[in-house]
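Go by the hints and put chain H onto chain D.
One-letter residues, chain by chain:
2 protein chains.
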Amino acid sequence: MAMENNRFIGVGIDVGGTYTKLAAISDAGIVFAQSTVETLPGLGPMKFLDRLEAAVRLLKDSISRPVRAMGMGLAGDVDSRKGMLRCSPNMEPFTGFPFKRRLESRFQVPVSIENDATLAAWGGYVAELKRRPRNVVCLTLGTGIGGGVVVEGALYRGSTGTAGEIGHTIVEPDGEECSCGARGCLEAYAGSYGIVRTAKKFLAHREGLAAGSGRRRVVGSRNIVWRLCPDLSRLDARVLALAAQRGDWAARKTWGVAGYYLGIGIANAVMLFNPDVVLLTGGVSRAGRWFMGPLLRVVRTRPMGIPARHVRVRIAKTPNLGSLGAAAWALEERKIS
Amino acid sequence: MAMENNRFIGVGIDVGGTYTKLAAISDAGIVFAQSTVETLPGLGPMKFLDRLEAAVRLLKDSISRPVRAMGMGLAGDVDSRKGMLRCSPNMEPFTGFPFKRRLESRFQVPVSIENDATLAAWGGYVAELKRRPRNVVCLTLGTGIGGGVVVEGALYRGSTGTAGEIGHTIVEPDGEECSCGARGCLEAYAGSYGIVRTAKKFLAHREGLAAGSGRRRVVGSRNIVWRLCPDLSRLDARVLALAAQRGDWAARKTWGVAGYYLGIGIANAVMLFNPDVVLLTGGVSRAGRWFMGPLLRVVRTRPMGIPARHVRVRIAKTPNLGSLGAAAWALEERKIS
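Respectively, the protein sequence lines represent chains D and H. Convert by adding 222 to the 1-based position in the first sequence; the result is the number in the numbering used here. Convert by adding 222 to the 1-based position in the second sequence; the result is the number in the numbering used here.
Since the hints were made in silico from the structure, they are not lab data. Just so we're clear, the structure is a prediction, and the values are computed from it rather than from any experiment. Warning: the hint list may mix true and false statements.
[What the hints assert, rightly or not] Each computed DSSO-like pair below joins lysine-lysine, with the alpha-carbon atoms no more than 30 Å apart: (1) H:K352 to D:K304; (2) D:K352 to D:K282; (3) D:K282 to D:K539; (4) D:K352 to H:K539; (5) H:K304 to H:K282; (6) D:K352 to D:K422; (7) H:K282 to H:K539; (8) D:K423 to D:K475; (9) D:K557 to H:K557.
Next up, chain D with everything else stripped away, as it sits in the complex (with noise of 0.2 Å):
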C-alpha cells in the first residue's frame, strides 16, 4: 500500500447507454487523462470492444506509464465474480457478455467490472470526499437513479453486488409505473423519465384549466416551458431546469415533486445507513436549486431527529465520478493505492 506515488495507473471506464467516459488516475490519485466514446451498445458488445480498445490506447499513448489495473462500470444487475451483466433494461445487447475475461485478455491487466452507481458512489468517496467521512450514501441521478454505499470507510456492494439500489425502493405504494416493471419507486420520481412525465401532467392541467377559462392565449404567452421546447416529446430535465429559472410555475412545482420523493428515499436511506453524508450525482443533480429545498425539508423533518440531523446531503462538484470511481476501486482492489 505504500507505494511510490504517481508510479502506476488505473483506468476506467463508465459505460453509459449514450456514451463511455474514460479516465487515466494515478495510484497518488491524480487524473491524468480522460476522454469518452460512443457506446452504441444496438452493435453488440464486440464493436463495443473495439472501439474502447482504440479510445484505452489514445490515453495510453498520453501518459507513458504503466497501466495496472482497470475498472469497469456497467448500468444493470453485475456479477462483479463473472465480470458481466445479469440484467440491463438499458443495455440489453452487452447482457451475459463476458466483458472481464475479454478485457483482460485484450490488455493484459487485471479488471473489476462493478454496476456503475457502485464505481460512482467509489469515486465519489475518493475524489469528491477525500475518504474524509466513514459512512456514504451516492445516489446517481439521471435517467435512472443509481446508487452505491460506503460502509465504514469500505465500498459496500451487498451480498449479490446489488446494494444501494435506492431507485428501486419504493417511495410511494401502488404509485407511478417505473422502468423496472413496478410501481412507486424512487426512479418512477425523480428519474429524469419520471420528472418529464410529472412536468407532462402539470402542463396538460394548466392547458386544461386555460381552456376551461376561456384564457388559453394569455396563459399560453406565459408558458415558458412550450417556448423553450415547442415538441414536448423531447422535454428533457435540463428543459425543466431552465423553465424554473425563468419562472415556470409547472416546472417548479416539477421539480418539487422530484425534491419531494428524493427527500422519502433519502430519509429512508438514512434511517437504514446513518451515513455522514449522502452524495448527489449525475445530470440531474444540477438541478439542485430547484429540488434541494422541499428534499431537505422531507429530511430535515423527520422526528427521529439524530441521523437526519447528522447527515448532510451534498451534490458533487468533480464531474465524471463513475470513470474516477472506476479507476480508482480498480486500484484499491489490487491494493496500488
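Frame of chain D, contents of chain H only:
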C-alpha cells in the same frame, strides 16, 4: 481470540419498557443462565440499577466463572461512547443517565451500551444464524419496530449509532401517525399499536355494515375478536393472532395490512443492503403465519429480482436475542469470543 472455551462469561441486559431480561453466556457462546426483572422506569434509573445489581449477583452466583464484560441494550437513540440514552419515547426517565459509567463502577467490568434492536440483531446473527451469512437485516417486532444490521460479518452501527431504524422508514407518505410523531412509518402499520389501530378500523367498519343491514346479531355471533377480548381497549397482537387462527375476518385483514407494509419496508431494505437473510424476532413475529404471506408477496414480486430472490426472510426460533446479543456483543468488543 483463540481462547480456551467457556472460561469467560459475558452478561447481557436487554432493557425493555416493562421487563428487563438478563443472560450470561460464555466465550464459546454457551448460555449459562437467564433471568428477568421488572424495569419500572417510572421509579428512576438508580432504583433500577439496585434491582439490576441484585439480579446480576444471583446470575453470577449460579455460574462460578468470572464475568469479563457486560452489554446493555436500551430502547431508543443510544450514544454508545457516553454509554447513555440520548432520547427515548418509552423510557424518558432513563435518558441522559450515565449507564456505562455507573455499571462499570458497580461491577468493575467493561460495559458496552447500544440500541436494543442493534444488539438483538447481533444476537440473531450469532445465536440464531451461527454467523453463517455475511449480510443480515434484523427486525424486532413488538410495540415498536426496531432494527439492526450486520454487514460483512460485523455489527454495523452507522455514524451516530442509529443504523437499521427500519421502523421509522416511510412506507406510506402522509399515512397513519407513528409514535415518533411522523406519518406513514413502517411502525405505524406493523408495530403492535399500529396493528391494533388497523384492527379497530376493520371492526368498526364491520359494525357499521352490520348495523346498516340490520344483521347486527348474526354478524355479532361470528365476531371472534369481541368474544376473545370483550374490552376492546385491551386488544393486542396476541388476541388478533388467536382471532385470525379462529377465522376472524377483521383479524385476517389486519394481518394482511401489517404484512403488506412489512413487505414494503423489507423490500426497501433489501434493495439498499442486499442481504442474505432478513431475520424477524420479537413478540409480534410469532404471528408470522398471518403476515408472512402478504409480506413475501411484496418482496418476491419486485421486478429488480436478484436481491429479492437471493434473500431469505426468516422468523427467529431462539428467544431472548436481545439479552443474548448484548452478552455476545460485550465479549466481541473485548475480543473474548
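Given the hinted pair K304 of chain H and K282 of chain H, is their alpha-carbon gap at most 30 Å?
Measuring from Cα to Cα gives roughly 26 Å; hence the hint holds.
Below or equal to 30 Å on CA atoms is what counts here, so check K557 of chain D against K557 of chain H.
At roughly 27 Å apart (the allowed maximum being 30 Å), K557 of chain H and K557 of chain D satisfy the hint.
Given hint K304 of chain D paired with K352 of chain H - CA-CA distance at most 30 Å
Satisfied, since the Cα-Cα distance of roughly 29 Å is no more than 30 Å.
Given the hint that K352 of chain D pairs with K539 of chain H, test it: the Cα-Cα distance must not exceed 30 Å.
violated, 44 Å
Is the hinted pair K282 of chain D and K539 of chain D satisfied, with a Cα-Cα distance of at most 30 Å?
holds, 26 Å
Keeping to a limit of 30 Å between CA atoms, is the pair of K423 of chain D and K475 of chain D held or broken?
holds, 11 Å
Is K352 of chain D close enough to K282 of chain D, meaning Cα to Cα at most 30 Å?
holds, 25 Å
Could you grab the alpha-carbon distance between K282 of chain H and K539 of chain H and see if it respects the 30 Å cut-off?
holds, 26 Å
For K352 of chain D and K422 of chain D, compute the direct alpha-carbon distance and say whether it is at most 30 Å.
violated, 40 Å
The structure is inconsistent with the numbered hints 4 and 6, although it conforms to all the rest.
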